[in-house]
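Chemist: First residue of the sequence shown? That's 1 in the numbering used here, and the numbers climb one at a time after it.
Just so you know, not all the hints are guaranteed correct.
[As the list claims (entries may be wrong)] Per label pair, the in silico range of CB-to-CB distance:
hint : residue 1 : residue 2 : range
1    : Lys63     : Glu11     : 41 to 51 Å
2    : Ala89     : Lys404    : 35 to 45 Å
3    : Ile21     : Glu97     : 33 to 43 Å
4    : Gly258    : Arg321    : 14 to 24 Å
5    : Arg321    : Ala89     : 32 to 42 Å
6    : Glu118    : Asp148    : 15 to 25 Å
7    : Ala334    : Cys264    : 35 to 45 Å
8    : Leu261    : Ile81     : 17 to 27 Å
9    : Tyr170    : Trp319    : 29 to 39 Å
10   : Thr252    : Ala312    : 19 to 29 Å
11   : His316    : Tyr170    : 14 to 24 Å
Keep in mind the hints are simulated off the structure, nothing from the lab.
Idealized CB from N, CA, C, for every residue including glycine.
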Amino acid sequence: MSEQKADPVIEVNPENQWRLITPGSDSWPRSPRPNSNKKKYFMVTVDSHMSPPPTLFKDRIDKRFVDRLPRFEVRDGKKYIVQEGLPPARVAETRLEGEDELRTKAGAYLIHDPMTIEERHRNLDLDGVDGEIIFPNGAALLMFTSRDAEFLMAQARVWNDWLWQECAPYKHRTKAIAAIPTVDIDMAVAEVQRVAKMGYDIIMLPNKPVFGPPELGQPNYNLPEYDRLWAAIQDADLAITFHVSTGQDPRTASGNGGAILNFCIHSLGPTIEPVVALCASGVIERFPGIRFATIEANGGWAPWLLDRMDEAYRTHHFWVRPKLKNLPSEYYRANGAASVGEDRAALMLADAYGLENNFMWANDYPHHEGTWPHSAESIERTCATLKEESRAKILGLNAARFFKFDIPKHYLD
Numbered sequence: 001m002s003e004q005k006a007d008p009v010i011e012v013n014p015e016n017q018w019r020l021i022t023p024g025s026d027s028w029p030r031s032p033r034p035n036s037n038k039k040k041y042f043m044v045t046v047d048s049h050m051s052p053p054p055t056l057f058k059d060r061i062d063k064r065f066v067d068r069l070p071r072f073e074v075r076d077g078k079k080y081i082v083q084e085g086l087p088p089a090r091v092a093e094t095r096l097e098g099e100d101e102l103r104t105k106a107g108a109y110l111i112h113d114p115m116t117i118e119e120r121h122r123n124l125d126l127d128g129v130d131g132e133i134i135f136p137n138g139a140a141l142l143m144f145t146s147r148d149a150e151f152l153m154a155q156a157r158v159w160n161d162w163l164w165q166e167c168a169p170y171k172h173r174t175k176a177i178a179a180i181p182t183v184d185i186d187m188a189v190a191e192v193q194r195v196a197k198m199g200y201d202i203i204m205l206p207n208k209p210v211f212g213p214p215e216l217g218q219p220n221y222n223l224p225e226y227d228r229l230w231a232a233i234q235d236a237d238l239a240i241t242f243h244v245s246t247g248q249d250p251r252t253a254s255g256n257g258g259a260i261l262n263f264c265i266h267s268l269g270p271t272i273e274p275v276v277a278l279c280a281s282g283v284i285e286r287f288p289g290i291r292f293a294t295i296e297a298n299g300g301w302a303p304w305l306l307d308r309m310d311e312a313y314r315t316h317h318f319w320v321r322p323k324l325k326n327l328p329s330e331y332y333r334a335n336g337a338a339s340v341g342e343d344r345a346a347l348m349l350a351d352a353y354g355l356e357n358n359f360m361w362a363n364d365y366p367h368h369e370g371t372w373p374h375s376a377e378s379i380e381r382t383c384a385t386l387k388e389e390s391r392a393k394i395l396g397l398n399a400a401r402f403f404k405f406d407i408p409k410h411y412l413d
């Protein structure tokens, strides 16, 4: 038996000192800190990532697709990642230090030092986290970029089979998410039914059925052709997630400000589109059992979007179809959700806009834009204005309801 590794040593380098700033939570009835002398909140991160073994897809996918998998190439002395459906992307040589380096390795499946689920759980313990849901990481997260339905589904099935194998024994704490490509609706329905039989209760759909920039006549989730997909998902009682960077190329902009343009507009922005597609088209009205969540796009946009959807429905009534029984915002409040992290806007407006049942906390483990391993400080910075009941819901109780986590008895006493 291999010796258990020690907990990671957290070296907070100067660039990350801001993560330690906190007003504290002494006045709160509970604490987000794992070693507090007060009772801790039940906490679930609804955005966590796992990297598969480097050769997983090459080893398991149908051999006719091997040459089309993402790969590294050196061109003119520079390293690029080449992936079908995307332009070659330069791999920047970045030197990381302290906890930035630790985050890069956490959650990764390194050939000579693979991370076990038990090690993941020790990292979660450091952050006070009781449960997580697992999304792909790296190139695996971009498996939706091709427009070849067979190639897409071959990749998804490899991921779905492997992730279930890894996570099923730990599903009380670590829930796997099945990837469902949607270029071919019949194939998508078949995979939904297959993963439901395996035991999955959460799936991931791309933000757009077909990857790429907006095109006239391109299919979208508001079209009735997708009703059989919603029916299959509703029948299986699966939760839907829409993760950032899965609808179009998130690296469209370049030059000055390009990194921020890409993050705000081309990565986060497209995640809003399926929300409107489901709430304004009658999908939720026809399939009231559908529940969906946007992931890693935060939720500060949600109050604005709910107002704008209702405004368009009322003021453009002569163009709008179909006529709905309720306002689009009501379908979101009943069936939708959004992950929130270091998001002051969302958390300051949650109670005022009646979204305390729709926001779910996430630490985005182990990404740099996430809060691990300093989530307690982040929560204390951003959640002070919430009502206590709302704070408990957003930190974990909403996720327990939405994603079917059992809450340990000691949290209910």
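Chemist: With reference to the structure, classify each hint as holding or not holding.
Modeler: How the hints compare with the structure:
1. Lys63 to Glu11: 41 to 51 Å: With a Cβ separation near 44 Å, lysine 63 and glutamate 11 satisfy 41 to 51 Å, so the hint holds.
2. Ala89 to Lys404: 35 to 45 Å: holds (37 Å)
3. Ile21 to Glu97: 33 to 43 Å: violated (20 Å)
4. Gly258 to Arg321: 14 to 24 Å: violated (39 Å)
5. Arg321 to Ala89: 32 to 42 Å: holds (41 Å)
6. Glu118 to Asp148: 15 to 25 Å: violated (38 Å)
7. Ala334 to Cys264: 35 to 45 Å: Violated: the Cβ-Cβ distance is about 29 Å, outside 35 to 45 Å.
8. Leu261 to Ile81: 17 to 27 Å: Roughly 20 Å apart at Cβ, these two residues keep to the hinted range, so it holds.
9. Tyr170 to Trp319: 29 to 39 Å: violated (50 Å)
10. Thr252 to Ala312: 19 to 29 Å: holds (26 Å)
11. His316 to Tyr170: 14 to 24 Å: violated (48 Å)
Going down the numbered hints, you'll see the structure goes against 3, 4, 6, 7, 9 and 11, while the others check out.
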